[in-house]
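Here are the chains, one letter per residue:
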Amino acid sequence: MKTHLRGLAAGLSMAVAAALAATPASAQTPKRGGTLTYMIPADAPPSLDGHKENTFATLHATAPFYSTLIAINPENPSSSTDFVCDLCTEMPKPTDDGKTYTFKIRKGVKFHDGTPLTAADVARTWQYIVNPPKGVSSAREAYMVMVDKVENPDDETVVFKLKFATSAFVPALADPFAYIYKKDILEKDPAWYEKNVLGSGPFKFSSYEIGQSIKGVRNPDYYHEGQPYLDGFNAIFAAKQSVRVDAIRADRAATEFRGMPPSARDELVKELGDKVTVQTSDWNCVNLLTPNQKKKPFDDVRVRRALALAIDQWKGAPALSKIATVHTVGGLVFPGSPLAATKEELTKMAGFGTDIEKARAEARKLLKEAGAEGLKFELMNRNVDQPYKFIATWAIDEWSKIGLKVTQRVLPTGPFYEGLRAGTFEVAVEFNCQNLVNPLLDVAKVLPRSVYPENYGGYEDPKLIELYNAMLREPDPARQREKMRAFETYALDTQVDTIMTPWWSRIIVHRSYMKGWKISPSHYLNLNLANVWLDK
Amino acid sequence: MHRYILNRLLLSIPTLIGAAALVFLLMRLIPGDICMVRLGGSGGTVSASALAACHAQIGLERSLPLQFLDFIGGFAIGDFGTSMWSGKPVVQEIASRLPVSLEIALLATIVAVAIAIPLGTISALKQNSWLDHVVRTVAIAGIATPSFWLGILSILIVLDVSHYLLGSPWMPSIDYVPLWDDPWGNLSIVILPAITIGYRYSAVTMRMTRSAMLEVLREDYIRTARAKGLVEQLIINRHALKNAMLPVVTLIGMEFAFLIGGLVVTEQVFNLNGIGRLFVLAVQNQDYTLTQALVMLTVAVFVVTNLVVDVLYAWLDPRIRFG
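Quick mapping for you: the protein sequence lines, in order, are chains A and B. All residue numbers for the first sequence refer to our numbering, where the first residue is 1 and numbers rise by one. All residue numbers for the second sequence refer to our numbering, where the first residue is 1 and numbers rise by one.
Source of the hints: derived by calculation from the structure; they are not laboratory data. Hints may contain errors.
[As the list claims (entries may be wrong)] Label pairs and their calculated CB-CB ranges:
id: 1; chain 1: B; residue 1: 15; chain 2: A; residue 2: 296; range: 49 to 59 Å
id: 2; chain 1: A; residue 1: 206; chain 2: B; residue 2: 15; range: 39 to 49 Å
id: 3; chain 1: A; residue 1: 477; chain 2: B; residue 2: 157; range: 52 to 62 Å
id: 4; chain 1: A; residue 1: 221; chain 2: B; residue 2: 15; range: 53 to 63 Å
id: 5; chain 1: A; residue 1: 451; chain 2: B; residue 2: 55; range: 15 to 25 Å
id: 6; chain 1: B; residue 1: 55; chain 2: A; residue 2: 319; range: 38 to 48 Å
id: 7; chain 1: B; residue 1: 89; chain 2: A; residue 2: 407; range: 36 to 46 Å
id: 8; chain 1: A; residue 1: 422; chain 2: B; residue 2: 2; range: 51 to 61 Å
id: 9; chain 1: B; residue 1: 185; chain 2: A; residue 2: 93; range: 51 to 61 Å
id: 10; chain 1: B; residue 1: 182; chain 2: A; residue 2: 76; range: 36 to 46 Å
id: 11; chain 1: A; residue 1: 31; chain 2: B; residue 2: 153; range: 33 to 43 Å
Bear in mind the structure is a predicted one, so any value in this text is a computation, not a measurement. No residue lacks a Cβ here, since even glycine has one placed at the ideal position from N, Cα and C.
Could you put together the complete structure from these sequences and hints?
Below, the structure is given as structure tokens:
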């Protein structure tokens with residue numbers, strides 16, 4: 001066992017060393033050529049239309065074909081505030097008290113069919129995203145509530161006029177799904193992009209075998225000079241984790257861009273040493289334990305508070321991180337964000353205290369007062385291993401320590417959502433997984449269903465909405481942070497509308513010859529492969 | 001014979017209609033909504049208007065009787081509609097996966113028959129000998145070992161052995177290439193799944209061959225043939241084996257039909273984009289049109305396979321006549 005552990009430790013050291021060695025990779029001169037083979041950990045996406053879909057499978061398959069107006073900085077993707085122009089020429093300064101943003105669009109950009117891309121294409125794309133015509137669905141409509149209208153006064157200018165000034169706008173604009181489509185095609189057939197690809201990104205579409213693979217070749221007319229470095233890419237759909245691990249091991253693929261559990265990382269590092277590089281990051285995804293307040297006794301805040309108090313976040317997170325894709329204790333806001341609560345702020349809220357025995361004693365007292373001692377209930381979970389089942393099993397064990405008897409009911413995705421919508425569950429393992437770190441919009445998950453349709457807690461709370469709106473519209477960063485604390489404290493401590501679990505941890509293992517790519521806090525970001533190159 | 005085939009084909013129509021009605025109703029009994037899975041599967045917001053647009057687009061806003069009539073009407077003229085999940089024609093979805101499943105099923109059948117018939121026959125001829133015990137042990141192990149486990153094991157063995165021999169791990173490509181594009185590449189991809197599936201398949205067939213042979217070898221006509229002084233090999237090949245093949249052929253037919261849509265886990269283990277994987281996805285995604293078409297395809301494969309088996313009966317056993 002000792003030898004095994006030593007081997008593992010040595011392997012991990014080598015991988016970390018490889019990662020460190022990879023850090024100045026950007027300083028190396030990128031080599032041209034080669035085809036990157038990577039895996040998409042999913043089966044076929046429903047469609048190829050980024051505007052319509054939410055799944056990462058669509059994004060991992062199609063992001064290299066498209067341009068966006070702005071994007072997170074590919075050289076600094078872990079930042080939640082560093083945005084750069086993709087199709088625009090420079091990041092604009094807002095005017096009109098923060099309610100107008102004017103973007104100048106690059107000249108000479110061409111779609112892959114050779115036709116020019118103009119501000120009219122950008123404006124029409126965003127008009128469809130913000131306010132889709134009848135019969136057209138936009139999965140991101142709800143994130144753009146602040147936008148009043150999008151105009152293009154000329155072929156080089158796009159103007160966004162907002163209903164109210166908010167710092168949530170720029171991150172929302174960098175949505176990686178917001179591919180710029182061709183105006184003529186959108187107007188003629190908005191469903192065209194579901195089955196076809198025509199972008200202006202670093203790679204041109206080559207072929208697509210449903211559920212098998214999608215391929216792209218270098219776009220010689222790409223507007224970022226010198227990029228892309230690759231001749232092409234081959235993205236293979238591989239839903240099963242063992243296949244993906246074996247494929248990286250045998251170099252049938254260089255990586256996958258979603259994330260692997262610690263066990264897979266350890267296996268690959270042990271086997272391949274410095275031939276693989278490990279990049280890790282906090283992940284803008286978190287599981288929430290949501291009590292259904294329409295069901296007794298979960299309508300009683302004392303019971304909900306007891307559920308939160310029983311869970312030892314600080315001891316659970318490091319233990320779980322060894323076996324599951326979770327890592328960091330946090331509140332409603334992604335831990336890496338400037339708006340996130342500090343540890344000191346967290347410990348003031350129910351379920352985040354450092355004295356677990358004291359917390360559990362209080363939980364037992366609250367249950368007794370509420371007449372819910374020895375409460376039995378069912379925890380509804382989704383049939384996904386990482387990290388859902390790990391989280392649920394852990395929570396059930398923690399709850400057993402205050403005398404609760406909880407069983408887990410695991411359902412496939414369809415029936416799981418049906419259970420959430422119909423409100424037939426008692427407590428559910430939900431999740432909040434967003435692409436860009438945009439806390440002002442991300443935390444909307446806890447707003448009542450009348451405001452946020454994907455909330456299943458079964459409560460209405462005007463005060464919570466009021467706190468949210470005040471925070472959303474606050475222009476001053478310091479005051480906005482204070483208002484975020486007030487909102488968070490009210491949701492997690494006063495009302496205990498939901499119970500946090502450790503935030504996810506993203507682990508990417510890739511072949512060390514793959515250079516230029518940097519991990520971000522989301523598996524939706526930094527996927528256009530323009531700056532990726534192969535050191536072979 | 002022609003009349004018999006026509007009768008069998010006509011009789012399959014109520015079977016197909018019954019299966020269609022059953023799958024149509026069962027799919028709609030599963031709680032859930034394909035649009036919610038599609039639009040909100042990653043936890044994002046799904047607005048009421050987007051949900052309604054999705055329902056309208058895939059035809060879920062229509063009444064159930066209308067949906068059923070549409071399905072049956074389309075089926076009658078060979079139009080299975082479009083997949084509710086991908087929006088692509090169902091026929092196209094199935095056609096892109098069928099060659100993979102067919103190739104694996106055919107190869108696995110060849111592997112199974114090549115192992116099972118000789119070993120099953122030898123086992124029967126050498127009943128209770130050490131050879132019989134070895135064959136029976138191999139057969140029982142094959143039945144008891146799940147194909148997917150054997151698949152995972154075979155990949156790991158290939159990886160470890162290649163690492164030992166070549167210095168770096170090797171495994172076949174996980175990106176399927178058609179036989180006519182790259183025969184060697186294709187063979188390297190399909191050989192492991194064919195062997196792992198073929199082994200279990202052969203184990204079942206081997207036991208059936210052995211027991212059928214044992215029964216036939218005790219028949220009067222075999223004793224008569226021996227009394228006539230016929231060469232033993234001729235007795236085995238012409239009189240015993242041919243007659244013992246009746247239940248074996250039935251079994252091979254049923255197993256082959258099962259392999260077309262039943263290799264769910266094995267396809268996942270080898271990252272093969274076949275019908276089994278499509279089947280699971282269709283049910284999981286609540287893609288009604290695709291699931292219905294796949295069930296109908298499976299039923300059709302079973303019907304046709306049964307028909308072929310019945311026709312083979314007449315060739316194997318002259319006492320069986322149709323008409």
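Hint check:
{"no.": "1", "hint": "B/15 <-> A/296: 49 to 59 Å", "in the structure": "holds (50 Å)"}
{"no.": "2", "hint": "A/206 <-> B/15: 39 to 49 Å", "in the structure": "holds (44 Å)"}
{"no.": "3", "hint": "A/477 <-> B/157: 52 to 62 Å", "in the structure": "holds (58 Å)"}
{"no.": "4", "hint": "A/221 <-> B/15: 53 to 63 Å", "in the structure": "holds (57 Å)"}
{"no.": "5", "hint": "A/451 <-> B/55: 15 to 25 Å", "in the structure": "holds (23 Å)"}
{"no.": "6", "hint": "B/55 <-> A/319: 38 to 48 Å", "in the structure": "holds (44 Å)"}
{"no.": "7", "hint": "B/89 <-> A/407: 36 to 46 Å", "in the structure": "holds (44 Å)"}
{"no.": "8", "hint": "A/422 <-> B/2: 51 to 61 Å", "in the structure": "holds (55 Å)"}
{"no.": "9", "hint": "B/185 <-> A/93: 51 to 61 Å", "in the structure": "holds (55 Å)"}
{"no.": "10", "hint": "B/182 <-> A/76: 36 to 46 Å", "in the structure": "holds (42 Å)"}
{"no.": "11", "hint": "A/31 <-> B/153: 33 to 43 Å", "in the structure": "holds (39 Å)"}
Of the numbered hints stated above, none is contradicted by the structure.
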